[in-house]
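J.: For the record, the sequence lines run as chains S and F. Numbering-wise, the working numbering comes out as the position in the first sequence, counting from 1, plus 1. Numbering-wise, the working numbering comes out as the position in the second sequence, counting from 1, plus 32.
By construction, these hints were calculated from the structure, which means they are not laboratory data. Glycine included, each C-beta is placed from N, C-alpha and C at the ideal position. Some hints here could point you the wrong way.
When the alpha-carbon atoms are kept at most 30 Å apart in a straight line, the in silico DSSO-like pairs for lysine-lysine are as follows [stated by the list, open to error]:
(1) F:Lys243 / S:Lys321
(2) S:Lys394 / F:Lys243
(3) S:Lys394 / F:Lys213
(4) F:Lys213 / F:Lys243
Covered stretches of chain F, as calculated for chain S (at least 3 residues, CB under 8 Å) [claimed, not checked]:
(5) 64 to 76
(6) 137 to 151
Each chain, letter by letter, is given below.
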Amino acid sequence: MGKLGEYFKSAIKQIVGNGYRTLMTMLGIIVGIAAVIAVVALGNGMTQFVQSELNGIAGNYGEIYVDSSKTAEKITHDDIEYIESNVTDIYGVSPQMSAYGKVTGNRGTYEANVMGGSTAMEHMLSNGIIKGKYFNKQQVDSSQRVCVMLRDDAKKIFGTEEALGMEIELTIWGKTATYKVIGLRDSMNRLYSFIMEGQDYSAQIEVPYTALAADFDYYMEDFYSILLFADQGVLNTKVDEVKEILTNRHGLRGTKAITAYSMADFSGELDQILGYATTFLLLVSVISLVVGGIGVMNIMLVSVTERTREIGIRKSIGAKTGAIMVQFLSEAAILTLLGGIIGILVGIGMAYLICTAIGFKVIVTPTSVIGAALFSILIGLFFGLYPARKAAKMKPIDALRL
Amino acid sequence: MKKLVEIRDVCKIYNPGENEVRALDHVSLIIGEGEFVAIIGQSGSGKSTLMNMLGCLDTPTSGKYFLHGQDVSHMTDDEQSDVRNREIGFIFQGFNLIPSLTALENVELPLIYRGVAKKERSLLAMNALSKVGLGQRMTHKPNEMSGGQQQRVAIARAIAQAPPILLADEPTGNLDSGSSKEIIKIIKRLYSEGRTVIIITHDPGIAKQAKRIITISDGQIVSDIMNPDYKED
């Protein structure tokens, strides 16, 4: 299509020739597209950030519990053993106990959130052990007074990260026992600190549940709930599997007495919420694009009026309706595409600035870039249609008379 | 002589009703191939309407217009565009060049609309520009040229694709006498090369240059004579 090429060329010439006005016209499109790109990048970054941090805090676990209003059955040690030896692809299951108390080291006394579990509880948090070891099965079985704490907590309690082998005093319900530090976890991530900001700080101490039960009079013959640890990808299926096993073993079919909740559900829900937020922001930026499009239409209308004579000349020497139409449409489309490209660059720049400032990863997907470019062309075609038709329908004598 | 243009009983009425204006009142006219005609009349005589009619820029209220034996009086917009492109080269009083394009690009324009390929197009356009003595100014824009030069570009544009008819509407109206003479000289030369030339003017001095002079007044042809004073250059 040699002709089409000529129309494009003349459109580009017109756009370049009217530099200042072109830029002003494009401004709306630039801002709109930049906003879309930035919002999408920000949304992606936010989702990714929240997901990874959430796994960091919440970890990869599900909780299976007995509804005591529906049955008197409880989860037994036999159940736990059976699950651990029969369900594949899990890190393990653990009873869960938790208590608030105080922890005392050589640097002072702090509030403490003490969690009791078995050796599988190591997988509850994604911040792994960086020094020493988590308590093993033998230590759990023999109720040893050992504990694992966060690196930051060790610094507070002992004034040093070299806390392995040091001792703390745990005080819960008026009773006190001495525990030895055998492992340190890496610090909590930023989302956690963000959530915990302004709250009273309490140290996080993990101990074998057997020791917790023995020292502070917790009941540990059977349990209302257990935790199951597995990777996110299989978590939901594994939680369901364990639910089935427990239902069958206790003859609770049809009672719905065993229920479960997994962190995978939670992060799914959160994903959805974040998705809504992103969609909403996207909608707002699309509105600004439409406003930009109307701006383009206005300028094109002005341009048609200004160039009435040119249209008349072109028609008098043989331009058909279609040719004039294509000329003005391609002018509008090129204008908005150009605005779109600048907008994409500005948007990526904005995304970088904002994301780095907040600390999100910058995720600009090719889909959003190509989508934005195509969308800007579409805006040009759509909003250019009316002015182009107006130009094309002009009668040559009317156009020349001016 | 073969008939090129034939107008039969054409009327053009503006504002039909009580205040109607009969710009053309039952005009009939035949112009043969290779003629050199001047249509002269005062302003308001209907000569511009006649020119629009001849140039397929307007359609008659009644009557018929045959160009090359083909009825072109009631064509669609796009069909008329095609006829203008193929058959007629316009030379306007106000030059009507597109200001953002160079001389060469202006001359190429009708060829683009005709679909002539790039190479052939620039060759034809360059030839046309050389013919009017502007071979050296192809890359100039209209505002970088004098009125006479601009009109020469317009003539080049009109002849680039070799249409059978050259339709000139007051071609010297915006020019000084020196440039006017030059333009008339070019037009005469084009005529002598075999083109049919129709000049619309109010200036008897210009009309006198043509071989046949048609006088129009109040929308009617009042005289149609062969110019006794016609001189070949």
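J.: Each hint should be assessed against the structure and marked as holding or not.
T.: To see whether the hints hold, each was checked on the structure:
no.	hint	result
1	F:Lys243 / S:Lys321	violated, 34 Å
2	S:Lys394 / F:Lys243	violated, 39 Å
3	S:Lys394 / F:Lys213	violated, 38 Å
4	F:Lys213 / F:Lys243	holds, 17 Å
5	64 to 76	violated (count 0)
6	137 to 151	holds (count 8)
The structure fails hints 1, 2, 3 and 5 (numbered hints given earlier, in ascending order).
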